[in-house]
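**Q** Those protein sequence lines, which keep their order, are chains R and H.
Going by our numbering, the first sequence opens with residue 1, and the numbers climb by one from there.
Going by our numbering, the second sequence opens with residue 202, and the numbers climb by one from there.
Derived by calculation from the structure, the hints in this document are not laboratory data.
There are no misleading hints in this set.
Just the calculated beta-carbon pair ranges, DEER-fashion: (1) H:Arg215 <-> R:Glu151: 17 to 25 angstroms; (2) R:Glu151 <-> H:Ile301: 50 to 58 angstroms; (3) R:Gln193 <-> H:Glu351: 42 to 50 angstroms.
Quick reminder that beta carbons are idealized off the backbone N, C-alpha and C, glycines included.
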Amino acid sequence: MNVSRKFSDEELINSLQQERNSNDAIRFMYDHYFESLSRFVMNNQGSLQDAEDIFQELVINFIALVKLNKFRGESSIKTFLFSLNRFSWLNELKRRGRASARELSYEKGMDTVEKDFSHVALQKESTEQVYALMNELGETCKKILLMFYYEDLSMKEMLQQLNYENEQIVRNKKYKCLKQLEKMISDKPSLKQTLKNLLNG
Amino acid sequence: MDNDLHESKNNLLRYFDKEMTEPERIAFEAELKADPALGTELHDLEEARTAIMLYGIRQQVSAIHKEKTTPVKQAPVIKITSYKKIIRYSIAAAACLVLIIVGINRYTLKPSADGLYNEQYITFEPNGTRGENVEITPIQKAYTQKNYSEVINLYKAGSAATPIQMMMAGNAYLQTGNAPAAIETFKLLLSQNKASNTTAYNDDGMNYLAMAYLKNKNYNEAINLMEKINADKQNIYSNKFTDAYISSVKKLQ
Chain R
1 MNVSRKFSDE ELINSLQQER NSNDAIRFMY DHYFESLSRF VMNNQGSLQD AEDIFQELVI
61 NFIALVKLNK FRGESSIKTF LFSLNRFSWL NELKRRGRAS ARELSYEKGM DTVEKDFSHV
121 ALQKESTEQV YALMNELGET CKKILLMFYY EDLSMKEMLQ QLNYENEQIV RNKKYKCLKQ
181 LEKMISDKPS LKQTLKNLLN G
Chain H
202 MDNDLHESKN NLLRYFDKEM TEPERIAFEA ELKADPALGT ELHDLEEART AIMLYGIRQQ
262 VSAIHKEKTT PVKQAPVIKI TSYKKIIRYS IAAAACLVLI IVGINRYTLK PSADGLYNEQ
322 YITFEPNGTR GENVEITPIQ KAYTQKNYSE VINLYKAGSA ATPIQMMMAG NAYLQTGNAP
382 AAIETFKLLL SQNKASNTTA YNDDGMNYLA MAYLKNKNYN EAINLMEKIN ADKQNIYSNK
442 FTDAYISSVK KLQ
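The shape of chain R in the complex, shown without the other chains (with noise of 0.2 angstroms):
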C-alpha cells in the first residue's frame, strides 16, 4: 500500500522550497487538501471536474508563490489555500457568468488573503501561455533549462545527461536558449507583466 509522507506545515514549505524531488509534497496536498476543498466547489455549482481543474491550479499556485518566497505563512496552509480556492472559483463563475449577485456581493468583502493574492495569482490561460512558450523552444532548449533551473542539477550532472562533448558547451547552449526564452516573453507584453506581477507582487 502506498502510505503518503506526513508533513508539517513547516516541513510541506521547505520540501516545496528546497528538495529536488518535492513529489511526495504535492501527494501529501492531494490527499489532505483535495477532499475538504472540492466540496466547497461542489457546493456551489461547481462539478468534480471543475473542482479537480481548479485545485490542480491552486497547487501550481501556490507552489510557485513558495518558491518566490511570496507565502509568508502568516495563515495556516489550509486556510491560505481555502482562501485560494474561493478566490479561484469565484474569478471562474464569473469567467462563465455564472456568479450570482451574493458571490459577487462577497467578492466585494473579500479578505486579505485574498486581495493580497488577487495581484499576483495565476490564471489558468497564464499558465497555458506560458506551456505554449516553452513548448516553442524547443525539446533541446526545454530540458537544459529545466535541468538547471527547476531541476537544479549541475553542469556535471546534465553533462552526464545530454549528449554534448563538454560543460562549456552545455554551457553555452544554456545561455542561447536563456535569451531565446527572453526574447520570446518580451514578444508577448501580456504575458512579460503577468511574470513581472508574480515576481514583485
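Chain R is already provided as a structure; the job is to place chain H on it using the hints.
**A** Just chain H now, with coordinates in the frame of chain R:
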C-alpha cells in the same frame, strides 16, 4: 569596449546563476545599483526563470494530478463461454437483489443524525490572516491551532465580539460538543446582523446554526432553517441543503 560589454554580460549571467564568490557578488551588486540598464537585463532574466519554474511546476503537478484523479481503467474484454455466462448472470442477478434490498432499506430505515451531520459539516475557515497590516487576533490564532477551549475562553472574556469571532466561537462550541452554546452564539450573530442591518457572515451563520440544530437534535428548527436556505438562491449554501438531504433529516423526527 566590446570586451567590457562581454565581461559585463558574462558577470550578469554568473550573478544570475549564483556562481559568483562573495566578494564578486558584492562588487557586482554595487555595479547593478549604478547601472539601471543592467538591472533591467537582470529582471528580464528573472522573468525567463519564472516562466521555466512555472512550466516545471505545471509538469510536475500534472503528473501527480493524473495519478491522483485518473479513474480506474476498465478491465480488458474477455470472451465468455456459455458456462461462464451462466455464472456471471447469476452473480449479476444476486448483485441486483442486494442493491434492491439496500435501496429499500435506505428508504425505510432511519438515517442517523450524526451521519447526516458529518455528511454536511465543513470546518469553518476564518480568513484575514495574511498581509503586513493585518494582526492575527488571539482568538483567531487559537482557532487556527484548533485550541477550541481557548477560543471559547477568549470569546467569553471579550466584551463585544465581531461576526468572525462569533463564527469561530460557535464552531469551537460545535467542535467541543456543546451544541446548545453553538446555537446561542449563531443566533446572536444573526440577531446582531438584523439589528444593525448588516450581512457579515450571515449565510455562514445560518448554515452553521442549521448544523448546530441538527447536532442538538432540534430537528424541526433544523429543517425549517435548511428549507429557508435552500429556497434562497442568493444564499451561498443554497445548493448544500438539497431536497434529498432535507428529506433524510425529516426521517429523524
